[in-house]
Amino acid sequence: MSTTPALPDVVYFNLGRVWTMALNTLIEMTRQKVFYFMIVFALLMIGAASFFSIFSFGEEAQYITQLKFIKDTGLGAISVFGAIIAVVATAQLLPAELENRTIYTILAKPVHRLEFLLGKFVGVALLLAISVTLMGSLFLGVVFIKDQNLSAATYHETIEAAEGAVAGSPDMKPETKQKVLAEARTRAEQGAAEIHKTAGYQDIVKAMTTTLFKLWLVAAMTLMLSSFATSMVFTVVMSAMLYFSGHLVPVAQKFYATSKAPLGQLMAGVVNWFLPNLAAFDVADDLFAGDPLPWLKVLKILSYGLFYLLVTLTLAHLIFREREI
Amino acid sequence: MKRNWVLIPLVLLAAALVKMPFEASMAADRPHTAGVGLNLKTREMIGQGMSLALLGGFRALVADFLWISAHAAWEQNRWFTMRQHFEVVTTLQPRAILFWDMASWHLAWNASHAALHDPNEPRLAVRLRDQRHWMRAGRELLERGIANNPNNAFLHEKLAWMLHDKFQDLCGAADAALKAVQLCQDWRRGYLQRLAGYWLEDCARNVAPSRLRETYDYWRQLWLREYAGKPREHWDTIDRNVSRRIMKLEEELSIPDLQRLFPKPQPSVSVPPRR
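These protein sequence lines map, in sequence, to chains A and B. FYI, the numbering for the first sequence is 35 to 359, going by the working numbering. FYI, the numbering for the second sequence is 169 to 443, going by the working numbering.
Errors might be hidden in some of the hints.
Ranges between beta-carbon positions, derived for each pair [unchecked claim]:
hint, chain 1, residue 1, chain 2, residue 2, range
1, B, D370, A, E228, 39 to 47 Å
2, A, E228, B, E420, 36 to 44 Å
3, B, I406, A, E228, 16 to 24 Å
4, A, V271, B, P290, 33 to 41 Å
5, A, V267, B, V294, 27 to 35 Å
6, B, E308, A, R357, 57 to 65 Å
7, B, P377, A, G81, 57 to 65 Å
8, B, K416, A, E209, 24 to 32 Å
Here are the computed lysine-lysine pairs in the DSS-like style, where the Cα-Cα straight-line distance is at most 30 Å [to be verified]:
hint, chain 1, residue 1, chain 2, residue 2
9, A, K207, B, K398
10, A, K211, B, K347
11, A, K213, A, K231
12, B, K416, B, K334
13, A, K213, B, K416
14, B, K347, B, K334
15, A, K231, B, K347
16, B, K398, B, K416
17, B, K432, B, K398
18, A, K331, A, K231
19, A, K288, A, K231
20, A, K207, B, K416
21, B, K432, B, K416
22, A, K213, B, K398
23, A, K288, A, K213
24, B, K398, B, K347
25, A, K231, A, K334
26, B, K416, B, K347
None of these hints come from the bench; they were simulated from the model. A virtual CB, placed ideally from N, CA and C, is assigned to each residue, including glycine.
Extracted from the complex, chain B is given alone in its bound form (with noise of 0.2 Å):
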């Protein structure tokens, strides 16, 4: 026995300093797992059960069963509850994407049209001040999702189409919508180019006209790289509007004719009748 109060520390000793570097190196090649921290607000949020199953590495199974509750919360107008849930969800599964959207979804959307239509507040200033509230909850949350996955140009998207619908931010808008085309390689990126186009024009003729020129290199840009070659009688009504809209942007901007892309037709030379 005396041979194994020697032997025993020295393989845990030896396994502790195996282990360190062996444990760094995993941890760098996964970096979003550093581990969820189990703190005590997260703890009183979902309750002793599910803190246990937590801790027993079961944070997928934790984190669907609290997005069925606030499924449940969502169907009952429990917008609070529901919030709530989606704060544990998405602190549970950080790169999940689904949960992001959908839950500023939610709150964007649903919680604060329910906030504006609340039947229990009769001041409009009150409704109005709710809407505000779960309008803002929604993109912060959308905001913090983009931080944990700032890569991902679906998560972009949601966000260009938040701010367009939801605040009237045509800016805000059209600069997320460029920052999902850039990010974007699948089949999306197409409808995303002419979408960012549409809302970065609309935003230079009705808050910003220095991007005017802007929107002129970059649909022109898109023209060059995706619709040119193709022969007038066979564009389709996409090409026909991206075109129109850049012959629009080539007189308001006065482009000279070398430089356009569609040169003005040239005014028919009429030669006088001999007489």
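Chain A on its own, in the form it takes in the complex (with noise of 0.2 Å):
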């Protein structure tokens, strides 16, 4: 008499099978040789760093200009390849699936839709994640080293004056001579201490970290076009514009509140009830402005980045549950 094990009746959600498949297609999505984008970036960010030092907009702007610019195309060029890779990476992930008919071969064992629909998005985010982090990495390098440089070179050019104007000075008097070198040893610490302030690490931080959550909030999006879309041409293009509309939001606020055209506001309505504000998780502009924005705000905006989420994945399973596969 043999003694099978007799399956259960209910197969509960299982977070440990949600896990396995976000693994499974972040290794799928890393043999597609998604990372060699990062060579792109990294050439971009050298290029950024020696291309923008060869304008001079006035000697007191100088580095506020080059460190302006390169955190600006650094953070620019997070933002396109991580939108490059949360539309595409996930506009693939289920027609993939059903034209290499695994989801069939998935769906057929006891794993719930939820948990597979899930386990997608854990995957991309992870992608995302480690994508993100790389990038981050390597734009902080140069701005370090573009710190380390113009700090240096500001610190040596005024203690340098200094000593010119006390050498040409024979009649000086040796304790006004001292006077003015200290003087200037201090000024040029106060000049490289506010390089080191405009270089503001830890607001690229909590400029990377919104981006971060912008670009998951991308991806769930794209993923729930495609639970329903039969497409992958469709998830892209209907995804790009949901990017854009998205970025919107704050436009159509104001057009909504002030038009008197009727179908105008019915359309900016439609955007600014319905689509999550993207714009909100662009800090950047805000932080290198010297706004302060303390990590209790940045957490209000990640807050509202994980509401949306929430928003978005349930709307994805519910299209996803009835889906004809």
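Once you've looked at the hints, go ahead and assemble the two chains, each given alone in its own frame, into the complex.
Structure below.
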């Protein structure tokens, strides 16, 4: 008499299965050489670091300009590459499973559709987190090197100017010389400290964190679209449109409040009420302009991101669970 | 599928209800980011590709690119193109102090100087008119920068320099410098305090004599706050300069001896020799 264990009547949701599927998704995407974009990013950052130093916008503003441009380029590139990965990598997840027919094998096993969907999303989220971390580390490294170079140059220029002034005044009393040099040293240290402040490492980390959450949200929206779409092109195009519309939410809000055209107001209202405000995650402009944004407020933005992740994944689940495969 | 027709709108509606207060609270945290409107004028100025980048949330990158284009226009003396780029750049990033500062400098100094020395315009009156046009453009831009960043000492200082050097508005320069002193918290404060004093004195001596007392009060307070207490033998050039100005003003305003910071030396009493 065989004693095969009886299968349970109900298969409960299991995070272990989600994790397994997430890792598989991550490995699969890594095999597709997604990380090759890092080479382009590295070249872009190194190029930007030397390119912007040829722009001399006046002595006072030179270091501010260079650091601002490098930071804008770095964060912009992270955002662009991240958005491309988030949309393209996510859009091909479900169609690839359907095309390879692996989805039938997986869903024939005791696996919930929600587990499958979440596994796919967590895989993409991990890929995005690794990508942003890699790009961010490289970016911070470039800013650090530039910061060191600029502050050292400013320090030496100030000291050399004072030493030149002292050497050119033979009648100057020794104590006055000492005083001039001491003041120059203080000024040079203050100048270097100001450059370190302009580099704003903590602000960069804050901006990267909010960007990562934005990318996760974009990936979740793409997954939601692909849960009912039949073509990958449709998913990519629609995701791109949602991405742009999401950034237009503040403009739509203004338009909704002021417009008198009924059709325009209706469209602005749809954008305003139903799309997540992706512009809320773009904190770099404020931070680099010197507006303080404490971590508590950053957390508020992140919790907004989490809230919309939950909404978008819920919608994706509601659609996907009814889909005929 | 029928169940979804109910659930999906419900989720969307619930999300919209939570979204509004959430976003209002985030907007209150960041009052300067109400969203840069992409109106038709801006779109025409930056072109289709840039508009797309702007819609994608790459405001800083678009601004930087236009800034570099403005730099190129400056090198080629294409002043109107340069100004157009500055207008867009400052609209896109109104919180970037660097842009306001450099753009206003280019307009008020470089473009105005080029207009005055335009080799293609033989009429001096026209060149002077054009010079003033660019100076005014620079001033307007800088004042807009101040309106966008009212608490920035650096921009007030730049306005002070512009009014002093380009418009010869001594009292306006003094007032802007005084405002900069109020707002400045860093190491530039010492220099700004003296600059404001010098210009306030220039204003009082050359334009508004009624402000002479204000000038004296300003120097007096500055001396008591920053310079007093140092023995005279340790005074440096700055101490001597400021003290000389205060002494001169005390004489001119006939400040009573007891109220003066630097009382007049008493005439020595000579005792007649005994017979």
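*Sort out whether A/K334 lies within 30 Å of A/K231, counting only the CA atoms.*
25 Å, holds
*Within 39 to 47 Å or not, the Cβ separation of B/D370 and A/E228?*
30 Å, violated
_Need the status of pair B/K347, B/K334: alpha-carbon distance at most 30 Å?_
Holds: B/K347 and B/K334 sit about 19 Å apart, inside 30 Å.
*For the pair supplied as a hint, A/K331 and A/K231, is the alpha-carbon distance within the 30 Å limit?*
The hint holds at about 21 Å.
*Given the hint that A/K207 pairs with B/K416, test it: the Cα-Cα distance must not exceed 30 Å.*
28 Å, holds
*asked:* Taking 16 to 24 Å as the stated bounds, is the beta-carbon spacing between B/I406 and A/E228 within them?
replied: 23 Å, holds
_Pairwise hint evaluation, B/K416 against B/K398, where the allowed Cα distance is 30 Å at most_ = Distance of about 20 Å is within 30 Å: holds.
*Regarding the pair A/K231 and B/K347, is the alpha-carbon distance no greater than 30 Å?*
Judged against 30 Å, a Cα distance of about 24 Å means the pair holds.
*Could you say whether the range 27 to 35 Å given as a hint is met by the Cβ separation of A/V267 and B/V294?*
Given range 27 to 35 Å: violated, Cβ gap about 59 Å.
*Quick one: are B/P377 and A/G81 within 57 to 65 Å, going by C-beta?*
Since the Cβ atoms of B/P377 and A/G81 sit about 60 Å apart, the hinted range of 57 to 65 Å holds.
*State, for the Cβ atoms of B/E308 and A/R357, whether the hinted interval 57 to 65 Å holds or is violated.*
Given about 59 Å between the Cβ atoms, the range holds.
_Restraint check for B/K432 with B/K416, where alpha carbons must lie at most 30 Å apart_ = 11 Å, holds
Hint check: violations occur at hints 1, 4, 5, 10, 19 and 23; the rest are consistent with the structure.
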